[in-house]
Amino acid sequence: MTTSSNLLWLIALPLFSSAILILSGKRANSWGHVLATIVSASSFTIGVVEFFAMHGRSDANRAVTQKIFTWISVGSLNVDASLMLDQLSICFVLLITGVGTLIHVYSISYMSHDHDRRRFFAYLNFFIASMLLLVLGDSYLNLYVGWEGVGLASYLLIGFWNQKPAYATAAKKAFIANRIGDVGLSIAIMIAFATFGDVSFAGIKEHADEASSTQLTAIGLMLLLAACGKSAQFPLQSWLGDAMAGPTPVSALIHAATMVTAGVYLITRSNFIFDEAPIAQLMVLVVGGITLLFGAVIGMAKDDIKKALAASTMSQIGYMILATGLGPIGYAFAIMHLLTHGFFKASMFLGAGSVMHGMKDEVNMRKFGGIGKFMPFTALTFGLGYLAIIGVPPFSGFYSKDKIIETAFNAGGIKGIALGMATLLGAVITAFYMTRVVILTFFGNERWGHKDEPAESPALMLIPIGLLSIGSIAAGFIFSKGDGLVNWLQPVVNPLKEHHAEEFLPPIIVSLMTLVAVMIGLTVAILKYRGDQVAQAPEKVSVLVSAARRDLFQDEFNEAAFMRPGQSLIKILLNLDYILIDGLVRSVAATSLSAGVRLRTLQTGYVRSYALMMVIGALALVTTIWVVTA
Amino acid sequence: MAIANYLYLSAILFTIGAVGVVVRRNAIVVFMCIELMLNAANLAFVTFARVNSNLDGQVVAFFTMVVAACEVVVGLAIIVTIYRSRRSVSVDDASLLKQ
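If you read the protein sequences in the order shown, they are chains A and B. As numbered in our numbering, residues 1006 to 1635 make up the first sequence, in order. As numbered in our numbering, residues 3 to 101 make up the second sequence, in order.
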């Protein structure tokens, strides 16, 4: 395998910059954002250079590694802190640094009124560094470091405005939900070490077929738990909606384009485990299927534009997770959807941020309306992202989502039909709720209730949106041209190993069905939301709508099923500790205390009583000796 | 005279000494009772030396006298000091260590 010394710089640059921004304090206020953006752009440049270098090599030699230092060397456990850049990670590197840089540029303007902008950029850089470490680590342990790092960055950035208690709570909620997933990942690493005596991807891949299916299933399920936490999949999805408390660029970068897709990366990276563990793979499908419908249903009812987009993110990642569950052929499509989603969802989030900028931080879509003519560029780019996400050809979402639906239908048997119908239903609902978002925001009557007209955002915000829009138009076509991305990823995810089942439905039929599904959703939304709307959300709504507004009761469920029993358990344990453990210690103390009090009375201080005791003692001794010897 | 009579005398003297230490309050008397016990022991040593027809017991008796002499020096010094500070030689008055 080729070695390269550039990989460390990818991570080190943003990490150093983050440290500098944190440590130099207010002195960096004037130049901090510039440094952060330049550093992010440099990482992107290194990524591009590495990509072209990789592209120039033959398939077998594309992966490069760099050993930084020997991290752990204890007995049979040898872990190097080393990085590996292969065909899969380069996709992520380019996405993270590329979209990351654009969002840095956007944030310069978006956060310009915030006196803590320097800290914001420090966190953003820290996020970039952690996320790069996550995708570049060559073992599960290295990945875990990055995994925790992005969790921390996410926590810090969701709670960036932590002076509002609700935002601080949202950050904690995200962190705790992520912790549950992290526990899954650490258990998976432990099982992997117990099974293979190794935690590196290459080592485990080599020996994956030697392990028993129980062990592989256990590792797979734990990895799935980890993915559920980080990628906001059912049943750990409830944090993502609240995570929208963070500044909008954060929502775009971390909670739409990159960090939340780490679960998809983890499963794709662990393809050698999931391919050998059918039960775990089936669970991946179930989780993906449930979440894609779950998110879509929630998305239909949300009035907060960011929360609607967050629900949509959840649903789209559901698509990706479902695709990774479809086996070798699905991984490449999952990554393709991940990349196109990174473009169009980031562009829509930034568009939403631009709208909020113009509307004085209003997020309620019921109070928007008719913004299109005041903010034409934002409306145009948002529209392009919209066409991409609902899957209208030739926009990027069409290519990636269509492939997933097609693969789902071809999974074979009842499973294939069920998955296919789920993805198709998801497409209908996606078209519905995204159309709803677009109509409520950019069309119809003006409902914002004040005279100030929203003004278009400054160029520094519009340029990144524009560039991302180009991605949402063209990415799908580029990736799928001549099966480019599939062939590119083939050495990593090995799709040719799959024995191709007979095609259930030909691609053209699936495409037509998808288009019909999209048209249905779109038409229903237009019929429902055309004409003038009122600024108030209707009070009397069906059970389903009120359930969707409350995230399908996931919070209530978590509270009833985990939080309350957890609290009672803690109370019981506390009492047990107080009565049993403390009681034991306290009774020992009380016994020795009372013994002391009693024994103290022997010490009268009178010499004569001591003498008497000596006499009695001596007599007793003599008597004993006499009795024993006699 | 039966040799056992020396031992009876020694036992009686020792008992008188021991009882005196326990019941008397005056430090000087207590002190004298201790001397009495030491000498009772000496008498027993000398008697046993006689019984065994060697000088071991007599040698130990000399050691005891030396120790007793040292003890008298230290003991009387303590008693005098206590008397100077407390104007009393009652051993019951010198019971402050219990606090």
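Don't take every hint at face value.
Unchecked claim - Here are the in silico distance ranges between beta carbons for each label pair:
no., chain 1, residue 1, chain 2, residue 2, range
1, B, Asn56, A, Thr1629, 52 to 60 Å
2, B, Asp94, A, Ser1599, 53 to 61 Å
3, A, Ser1599, B, Val61, 49 to 57 Å
4, A, Ala1600, B, Arg86, 38 to 46 Å
5, A, Thr1629, B, Arg89, 37 to 45 Å
6, A, Asp1587, B, Arg89, 51 to 59 Å
7, A, Ala1595, B, Val61, 51 to 59 Å
8, B, Thr83, A, Leu1617, 43 to 51 Å
9, A, Leu1617, B, Thr66, 21 to 29 Å
10, A, Gly1601, B, Asn56, 18 to 26 Å
Source of the hints: derived by calculation from the structure; they are not laboratory data. Note that the structure is a prediction, hence the values are computed from the model and not measured. Note that CB positions come from ideal geometry on N, CA and C, so glycine has one too.
Do the hints match the structure? See the list:
no., hint, result
1, B/Asn56 - A/Thr1629: 52 to 60 Å, "violated (30 Å)"
2, B/Asp94 - A/Ser1599: 53 to 61 Å, "violated (29 Å)"
3, A/Ser1599 - B/Val61: 49 to 57 Å, "holds (52 Å)"
4, A/Ala1600 - B/Arg86: 38 to 46 Å, "holds (39 Å)"
5, A/Thr1629 - B/Arg89: 37 to 45 Å, "holds (44 Å)"
6, A/Asp1587 - B/Arg89: 51 to 59 Å, "holds (54 Å)"
7, A/Ala1595 - B/Val61: 51 to 59 Å, "holds (56 Å)"
8, B/Thr83 - A/Leu1617: 43 to 51 Å, "violated (25 Å)"
9, A/Leu1617 - B/Thr66: 21 to 29 Å, "holds (23 Å)"
10, A/Gly1601 - B/Asn56: 18 to 26 Å, "violated (51 Å)"
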